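Sequences are here, hints too, so could you generate the full structure?
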Amino acid sequence: DATDIATRLMGDSIATNLFMLGYAWQRGLVPVSFDALMRAIELNGAAVAMNKRAFQWGRLAAHDLGQVQAAVGLGDNTLEQSADHTDPADPMWLSRSVDELVARRVAFLTDYQDAAYAQRYRSLVDRVAEAERSATPGRKGLTEAVARYLFKVMAYKDEFEVARLYTTGDFERRIRDTFAGQEQLRFHLAPPLLARRDPVTGHLRKREFGPWILTAFRWLAKFRRYRGTWLDVFGRTAERRMERQLIEDYRASVEKLIAGLNQDNHELAVEIASIPEQIRGFGHVKEAHYQVARARWDELQAQWPTGSRAQQAA
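Residue 343 in our numbering sits at position 247 of the sequence shown, with consecutive numbering throughout.
Some clues are possibly wrong.
As the list claims (entries may be wrong) - Here are the computed lysine to aspartate or glutamate pairs in the EDC-like style, where the Cα-Cα straight-line distance is at most 16 Å:
hint, residue 1, residue 2
1, K253, E138
2, K236, D207
3, K236, E367
4, K352, D394
5, K352, E363
6, K148, D131
7, K236, D360
8, K148, E138
9, K148, D108
10, K352, D195
11, K318, D207
12, K253, E383
As the list claims (entries may be wrong) - Restraint ranges, calculated between C-beta atoms of paired labels, are given here:
hint, residue 1, residue 2, range
13, A136, K302, 19 to 27 Å
14, A120, F283, 32 to 40 Å
15, S109, Q399, 22 to 30 Å
16, V329, R135, 26 to 34 Å
17, Q215, W326, 33 to 41 Å
18, A132, E383, 43 to 51 Å
19, E138, A211, 28 to 36 Å
20, N140, A348, 28 to 36 Å
21, D210, G306, 27 to 35 Å
22, W326, H380, 23 to 31 Å
23, E363, A145, 37 to 45 Å
24, Q397, P127, 46 to 54 Å
25, R347, P127, 26 to 34 Å
In case anyone wonders, no lab produced these hints; they're calculated from the structure. In this text, all values refer to a predicted model and were calculated from it rather than measured experimentally. Using N, Cα and C, we set each Cβ at its ideal position, and we do this for glycine too.
As structure tokens, this is what we get:
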């Protein structure tokens, strides 16, 4: 039901038309260029940001309907909503080539932390691409998997990233484009240093914060380059330590894949590299998914041959 999905996504059933237009355009049923459609939405002047986002969500629905259904809590994947905090309506999800996919993620990681952090990502992806060309000519599945999932583990959503996303200007533009008049903003957050735990579940309870929190976010976003250092007071929680360790474990796993890749084990390599797809959500939800994914990861890695390609050939 397109109306139900569009309403859940955008909060208004009026978004259904643009959602369906995006779906049809992605399927090649609308003989108009992307730029022309975007210009038409802008010229219309009504709810421009919302209409553009509805269009992009429609494109993604044509590309991967299950992902969109999961994002709105439909189907069997309600608890497995993407932990990639990048908006699925963002064109990054619809890159037309691996090179474009990588370039977009490099740009994101540069904003997320800095250029050096983004270069760590690009360097490993480039090495995977080189190994895949050498060991399995004509195949790109491993490079694409690493490009997607190395990004996923490196771009974990912490307090610095929440602060950055709220203060880029995009959030406030969306509020202005969607709502008329002076709206009183309220934020419901569960910061680990301030939130109390539910005595029954043991999970952090969300608290309400007023619009003043945006000022705090602006200051916090400036310190994102200290993520993971001794100055990162948020990085001492079990969840943040797990996320940082996951990056190192994933990189080490990819190094083994590079060393032992051949035509016979290429499919297994792609499956191993895609394990982070199963790690979704935040807090206790993410921890539960991590434990399941970790068990599967260990199982798959146990099937991976030891030694380099040269040693295997010998």
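Check the structure against each numbered hint from earlier and tell me which ones fail, lowest number first.
1, 2, 10, 13, 15, 16, 17, 20, 25
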